[in-house]
Amino acid sequence: MIADEQFDQAFREVFEEIFGWDVEVTDADDPSSVEGWDSLAQIRLVHELESRFGVRLPDDALLERQSVGSLKALVLDHGE
Amino acid sequence: MASERRELRFTTSDVDRFAAASHDVNPLHVDPAFARVTPFGGCVVHGALVAIGMLGALPAAERAGIRALRAWFAGPVIPDAAALVAAERSRKAPDVWELKLTARGKQVARVLAAPDAARIAPGLEPPAPAAGAVRWPMRRTPATPSLSTGAVTAGEYSTDDDLVALAPDGLHRTLLDGLAWCSYVVGMEIPGLHSLLSAFTLASDPGPDPDRPAAAFAIELRDHDERTGQLSIRASLSEASGASLAVARIEAFARTPIEGPDADALGVRAHAPAPARRGTAVVIGASRGFGAALSLALAARGYDVHGTHSAPAGPLSGPVTLHRLDARDAAGMTRLAADIGPIDGVVLNAALSPLSMGLTAEAASDLSAYVATSLELGAVPLGALLAAVTDFVVVCSSSALSAPPRDWPHYVAAKAALEGLASWVAETYPELRTVILRPPAMRTEMTNTPTGRIAPVATETIATWVADRLADGELPAGLTTWEPGTVTAQER
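Sequence order for the protein chains is C and S. Per this note's numbering, residue 1 is the first one in the first sequence, and the count goes up by one each step. Per this note's numbering, residue 1 is the first one in the second sequence, and the count goes up by one each step.
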């Protein structure tokens with residue numbers, strides 16, 4: 001398991017990659033509170049998380065609306 | 001810092017000129033017949049041209065210094081439709097600008113622009129070198145390549161000077177060439193014909209010399225996700241001397257063309273005796289997708305099927321009489337009713353492709369225009385045919401009414417309006433069997449998007465389920481709602 005701080009930093013970088021260099025999100029944020037987090041962004045986000053953390057998330061994750069916090073949990077669940 | 005806002009509108013002529021100058025002549029942008037049968041329902045503006053137009057919102061002095069861009073595209077920009085661009089300095093670095101484009105009540109594109117790549121695009125890497133790779137001449141028609149990860153393609157590339165005339169004043173030519181080239185890479189090379197550009201990061205040469213013509217490029221497919229068709233591409237653009245002009249990371253989606261309905265799965269038997277005749281059915285919107293599948297399924301159960309369609313006929317063939325007729329053509333529909341005579345059943349399936357939309361006060365008129373047109377696609381044929389119908393009316397709605405998709409408020413409202421019409425029919429013609437059909441997302445060209453291709457149901461499955469129930473005679477008169485969301489192939 002990578003250190004929490006390192007994990008959070010990598011997660012932040014994924015969000016910056018998808019939503020822009022200027023974005024700042026907290027665990028409570030979800031598609032309704034982040035501008036541009038639509039269905040296409042969700043797909044790009046899941047692909048980027050998979051590539052960054054070397055995990056394969058379930059297909060449902062490509063479509064489901066989740067908070068940043070639950071996405072983190074999902075990545076941790078599917079990591080080693 | 002106050003942001004600058006301005007209206008941005010691209011004409012069809014702008015799109016054609018950009019296609020000619022960039023050599024991205026992908027038919028999604030320039031061929032209305034091709035674009036009509038995509039999820040967008042018509043031509044869309046090149047993403048790179050959108051980004052170029054957005055840079056016009058920057059103060060001229062800042063614009064001239066831009067050398068690196070990141071762009072994200074969340075929805076199509078339609079020619080001749082108004083969009084609004086806002087430019088703002090980044091909170092993190094004052095020399096970086098963030099530009100947002102809003103259309104149909106939704107953010108459809110975002111651009112970060114900076115004077116150097118280090119700020120917004122660190123770590124961009126060129127494609128792996130491919131020793132001895134053939135350098136292909138520029139394409140005149142889009143490729144349909146196999147999408148093998150790791151494959152490197154090299155080719156010639158240059159832009160025409162009209163590109164400068166299309167762009168806001170002062171943009172550096174190398175940046176402009178790089179933008180046009182990103183468009184060319186996706187629209188003409190990888191994934192080529194069936195492509196959607198979703199994002200790119202572009203770092204152009206930081207030097208001041210704008211007079212360095214592009215000559216060659218190399219691209220490497222880094223990643224291809226089969227679930228959604230997402231591709232990640234590394235690309236580099238260079239001068240004839242080999243000196244680098246730009247490096248890019250491009251993200252795109254490859255769309256898989258939808259094949260016509262499977263006649264076998266629908267019960268059509270080429271050499272079997274004709275089934276007992278049940279009567280005449282008219283399917284409005286019959287040449288592709290669910291309409292085509294249901295037409296074949298009804299024909300296989302003994303109906304003489306007349307299908308109408310407005311776009312050039314799709315792959316439907318077989319025992320269906322097709323009429324090319326816009327569902328909103330009142331005179332044409334009235335003539336069709338007179339030609340056919342008594343009708344047992346009618347299926348209202350014509351629909352408009354729903355472009356993603358948000359609900360804002362400004363976008364409400366776009367929403368209501370969509371609803372009005374969608375309603376006409378049902379009301380005109382119904383008005384022309386209803387007096388001749390003796391058995392059933394099927395109104396194709398959608399499971400979207402039970403689970404409204406976030407980006408489709410107009411679609412949900414339009415289907416609700418059609419369901420209202422069905423209720424009126426059931427009340428006014430109580431002897432008819434009136435059905436509101438709410439099928440799940442099916443695999444059709446209308447839903448052939450990165451999200452739409454995840455777990456859709458085959459049109460044949462739903463068409464067979466519906467045709468069996470219409471033909472078995474057990475459906476009572478009056479209003480029935482069918483929501484075959486959990487139908488599986490075994491259940492049919």
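The set of hints was computed from the structure by calculation and includes no laboratory data. Quantities reported herein were computed from a predicted structural model and do not represent experimental measurements. Possibly wrong hints are sitting among the right ones.
Stated by the list, open to error - The calculated BS3-like cross-link candidates involving lysine-lysine, where the alpha carbons are at most 30 Å apart (straight line), are:
#, chain 1, residue 1, chain 2, residue 2
1, S, Lys92, S, Lys106
2, S, Lys106, C, Lys72
3, C, Lys72, S, Lys92
Hint by hint, here is what the structure shows:
1. Lys92/S / Lys106/S: Given that 30 Å is the threshold and the Cα spacing comes to 25 Å, the pair holds.
2. Lys106/S / Lys72/C: holds (27 Å)
3. Lys72/C / Lys92/S: holds (25 Å)
Checked against the numbered hints given earlier, the structure satisfies every one of them.
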